[in-house]
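K.L.:
Chains as they are written, first to last, in my numbering: chain A, 1 to 216; chain B, 1 to 75.
I should point out that these hints are in silico values taken from the structure, not numbers from a laboratory. Treat the hints loosely; a few may be bogus.
[What the hints assert, rightly or not] Simulated restraints on C-beta separations:
| hint | chain 1 | residue 1 | chain 2 | residue 2 | range |
| --- | --- | --- | --- | --- | --- |
| 1 | A | 198 | B | 49 | 29 to 39 Å |
| 2 | B | 37 | A | 39 | 43 to 53 Å |
| 3 | B | 27 | A | 76 | 51 to 61 Å |
Computed from a predicted model, the values in this text were never measured in an experiment. Beta carbons: idealized from backbone N, C-alpha and C, even for Gly.
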Amino acid sequence: MKFGVVRFPGSCDEVDALMACRRFADADLLWHGDRDLSGVDAVVVPGGFSYGDYLRVGAIARFSPLMESVIEFARDGGPVLGICNGFQVLCEAGLLPGALLPNDSLRFVCRQVDVVVENPGTPFTRACEEDDVLSIPVKHTTGRYYAPPGTLPEGQVVLRYAPGQNPNGSMGDVAGVCNEDGNVMGLMPHPEHAVDPLTGSADGGRLFESLAMVPA
Amino acid sequence: MLIRPKEGILDPQGQAVERALPALGFDGVQNVHVGRLIELDVDDASKVPQMCERLLANPLIEDYEVVELNGKDSS
Chain A
1 MKFGVVRFPG SCDEVDALMA CRRFADADLL WHGDRDLSGV DAVVVPGGFS YGDYLRVGAI
61 ARFSPLMESV IEFARDGGPV LGICNGFQVL CEAGLLPGAL LPNDSLRFVC RQVDVVVENP
121 GTPFTRACEE DDVLSIPVKH TTGRYYAPPG TLPEGQVVLR YAPGQNPNGS MGDVAGVCNE
181 DGNVMGLMPH PEHAVDPLTG SADGGRLFES LAMVPA
Chain B
1 MLIRPKEGIL DPQGQAVERA LPALGFDGVQ NVHVGRLIEL DVDDASKVPQ MCERLLANPL
61 IEDYEVVELN GKDSS
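Excised from the complex, chain A in its bound form (with noise of 0.2 Å):
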């Protein structure tokens, strides 16, 4: 089992998501403009700010060259994390339902946040239980989810900040979702942040030892 966590220029968690792949399983980088996705299992598009974020968050960088190989791997039913700026990218290729706006704070957030597990029937849950609490830092501006009404299954809804915990004014409290196969996962909180108790919490790794729990 071998994760890729994919870098471009601008990303900036991509480092501690490969560090947190490694603790489950093989991971390497990939690089935005290659094309080959060098026979990995399970892609990971990290934080961060891709291509500047110029003209809208994760606009630009849908259309990098690995991108589009990432698009082709996930519609041949390949699991592709995104976490923040990558599930705005994924949002923004099509891959998953919706899109995110500036936080209704217009504030950057930065704190450690509760997210309730909905769907652990998942590749990215299946090590957790229905309403599992995990503690997961979110620290983004552009995290409020949005969907037009009918677009998003209750199904899809992978992970709902705690009550009372909506850091940005998501729609449903929405803090993670998937596609209609469940094979693309995005979230705006940090597991890749989360995978050692020495900085406060390990709840982040189920999810890449979810991943990691895929079949080679």
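Start from chain A and add chain B according to the hints.
P.N.:
Showing chain B alone in chain A's frame:
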């Protein structure tokens, strides 16, 4: 291209501006929305709506309007 937040979607930037104006004595202002303006020169203007749909706007959350300024020197 004039790109605006879609109607009905919370626009906190517009709201912040709407709150700031009365503080300066500009009363009677409603429905403030903040969007963006993209200017470009193009040989074939018929391609512009496609550019908006694919890159310049996100039709899920934004409306766009194309305004043609024929032959106008923007400098």
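K.L.:
If a hint holds in the structure, say so; if it does not, say that too.
P.N.:
Each hint, compared with the structure:
no. : hint                      : verdict
1   : 198/A to 49/B: 29 to 39 Å : violated, 53 Å
2   : 37/B to 39/A: 43 to 53 Å  : holds, 45 Å
3   : 27/B to 76/A: 51 to 61 Å  : holds, 59 Å
Of the numbered hints given earlier, the model fails hint 1 alone.
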